[in-house]
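Peer 1: Take a look at the letters that make up each chain.
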Amino acid sequence: MATTKDSSIGGKSFLDNLGKIYGIYTGGFFGFVAVLAVLEQMGVPNKMIGYGFVFLTIAVYAIIGILSRTSEVGEYYVAGRTVPAFYNGMATGADWMSGASFVGMAGTLFLLGYDGLAFVLGWTGGYVLVAILIAPFLRKFGAYTVPDFFSERFGGSFARFLAVIVLICCSFTYVTAQIFATGIIASRFLDIDFTVAVYVGLLGILLCSMLGGMKAVTWTQVAQYIVLIVAYLLPVVILSAKKYGIPMPQLTYGQAIQDITNLENQMAAKGWAATVKDAAGNAVFAKPHIKPFTTYDPLNYFALILCLMVGTASLPHILMRYFTTPSVREARSSVAWSLFFIFLLYFTAPAYAAFSKLEVYSLINKGTQLADLPAWMYTYGKLGLVKVCGVDVKVVQDVIAACGKIASHPGVLRLQDLSINTDVIVLSTPEIAGMPYVIAGLVAAGGLAAALSTADGLLLAIANALSHDIYYKMVSPNASTTTRLIVARIFLVVVALAAAMTAATKPADILSMVAWAFSLAAAGIFPALVMGIWWKRANTAGAIAGMILGFGVCVYYLVGTRYFAVSFHEMWGWLGTASKAQLDQFAALKQAWIAAPEAGKAAAWAALDKHAQAIASWWGVRNISAALFGLPVGFIAIWIVSLLTPAPSQAVQDMVDATRRPRGGTILVDKGAVTGH
Amino acid sequence: MANDTVDRHWARTQGLMWTMFVLWLIFSFVVHFFVESLNKIVILGFPLGFYMAAQGSLIAFVIMLFVFASRQDAIDREEGQAED
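Protein sequence lines, in the order shown, are assigned to chains A and B.
When you line the first sequence up against the numbering used here, it's residues 1 to 677, in that order.
When you line the second sequence up against the numbering used here, it's residues 1001 to 1084, in that order.
In short, the hints are calculated from the structure, not lab data.
Some clues are possibly wrong.
[To be verified] Think about it this way: if two alpha-carbon atoms lie no more than 20 Å apart in a straight line, the pair counts; the simulated SDA-like pairs of lysine to any residue are:
no., chain 1, residue 1, chain 2, residue 2
1, A, 270, A, 409
2, A, 47, A, 66
3, A, 270, A, 411
4, B, 1040, A, 278
5, B, 1040, A, 294
6, B, 1040, A, 411
7, A, 536, B, 1018
8, A, 20, A, 294
9, A, 536, B, 1014
Hey, can you work out the whole structure from these sequences and the hints?
Peer 2: In structure tokens, the structure reads:
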């Protein structure tokens, strides 16, 4: 710690007083919310409250980022390996929970009911795999980046290069989505143009990460976690206390679930909700909240859980957080703390969903005239997020006119008329519950913290792979510490700009590809990583074969079923699960496309392609779960190819042994770095 | 012999890993195979099958990881492989 001043961020007295420092910070944040609440009562306009939340929180993160600047490689890449388990857990929580988790998770549960819980399970259970299979061993190994491990264990640049490719494939779309989310939130609450908001967000992200790398990102992520968890819990705790007298929404929403089931039956009986015929031929509510497998069949439900879990355990921006703890022991308890902090949000999300659903269903069940839609529907309808009878809820006459066109519409709001964007659930809860605007501003600050912190972690993962793995390890191994840090920062800015420029174009394709990140990471990284640690016999040829084949199969399935669905279906239709009617429709659409005149070709193709996307599959598996195929292929390829080729050298086998024993220092030692011990 | 403790350390580490892995399989998948039957049991308004996916398994994961961290630490210390 030669160049770090004792009292500065990351210095000894900072680390000794973490509890006090972040305690004061948390108290200060509550004080800040209270001051804004008072200002609101005194008549300060909502817009100023929104400005206060967005700018003040970003300013605090930026100050932490600037105070954490460093000129040491070890601090830049792994925060000097001085981050205690508890705080690394918080930082990982912020790193992990994205803008979409914060804003969209509860909405997904609202829409999907039980089936949405695949995400809740998938995004928590993966940490068990991180702890028991991976993190402690990588910490002992002493890598700066995940590809570092691939290079040392599987001898050479090619394995490292493959790991970098996988890392960039799974992280870049993800970071673009985070910057997109910051843009959306900032533009909504600052009332500025989306493109400008994207670059405001970018500035916030760079200020946090550029000067201090991992060290700065760590200490801002801790601060961001505190903001995001307070913002997520507070509205729903207030709501639970108001409704049920107990400020524990996670306990009280059981009652809400009972009420939801009753309302579902009543609405179905009145014909105010979509129904299906049950086995006895009675019309019953189409998608009951608690009924499993209404959206995903069991195969897809469990495949999704598996892919999200294994993906969690393979995403480099998560794994690299465990490089920053002072010891292997702390790395293990840090995974436990991470999951605890993540759990706080994920076990609350179903409560949000249940309370909102109860609110909406009560509204419908009591028979709400289209002229009397509640104010929050107009607030979000104006943003295009709430539709009734297919039109945005903006002007009451438009809604009435649109519903009037539907045959035998009763004139009251029905469930099948209403469509709510998943983002609305969390954002609108304060308003639905009649809370002051300051709570809505708080929620925005929380969403912003979630998006910024995840963006920081991802950017650092990508930029470090480029600067450390590609530049330093492969191109210029003799580069001085100063040069390495300059190059690292240049890559950070370049990657951030590229992501922001992509996000500014609102790329629908990229945003829908985010869900792919989990399958890509799982198929490309997990088999070689786990076999590298747990099976000494795994060798270079095996790992390379496993990565190429596993990742290749996964990409083939993702891209094939999404972008080349027609030819995918024609080649693999015999493995699909399309019904006779669907196959006939495919044949008919294909004929229509062949017969279509030149002017109609494109439209006919679009119809054919859309239908093909719905049926192109292997055994009906959705493409979000592509790793279901990539994972076994990767494991089997490593196993077979390793056994067919010579065992790794004794030196490599000894290194694997050393990785398994916590005792002794890290295996990799960086000549330019001063790290903790 | 030094090698004995090293081998024993790794054997016990593997044993703990497999125990945790099996528990992970149970709480990630096996419990949820029975969601329809579990839903017939209702506690505090929660159908049990729904509750396990929304909270029960999550709580199990958190507890498992704290237990894992302390058990593995004990193994490291007892076999003389803990960090200084």
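Peer 1: Sort out whether residue 294/A lies within 20 Å of residue 1040/B, counting only the CA atoms.
Peer 2: holds (18 Å)
Peer 1: Within 20 Å, alpha carbon to alpha carbon, are residue 20/A and residue 294/A?
Peer 2: violated (49 Å)
Peer 1: Going straight from one Cα to the other, do residue 47/A and residue 66/A come out at no more than 20 Å?
Peer 2: Not satisfied, since the Cα-Cα distance of roughly 28 Å exceeds 20 Å.
Peer 1: Residue 1040/B and residue 411/A: Cα distance at most 20 Å?
Peer 2: violated (37 Å)
Peer 1: Would the pair residue 1040/B and residue 278/A pass a check requiring their Cα atoms to be no farther apart than 20 Å?
Peer 2: holds (18 Å)
Peer 1: Below or equal to 20 Å on CA atoms is what counts here, so check residue 270/A against residue 409/A.
Peer 2: OK: residue 270/A and residue 409/A at ~12 Å, within 20 Å.
Peer 1: With a cut-off of 20 Å on the C-alpha distance, tell me whether residue 270/A and residue 411/A pass.
Peer 2: It holds: about 13 Å lies between the C-alpha atoms, which stays within 20 Å.
Peer 1: Below or equal to 20 Å on CA atoms is what counts here, so check residue 536/A against residue 1014/B.
Peer 2: holds (14 Å)
Peer 1: Residue 536/A and residue 1018/B were given as a pair; does the straight-line alpha-carbon distance stay at or below 20 Å?
Peer 2: OK: residue 536/A and residue 1018/B at ~17 Å, within 20 Å.
Of the numbered hints given earlier, the model fails hints 2, 6, 8; all others are met.
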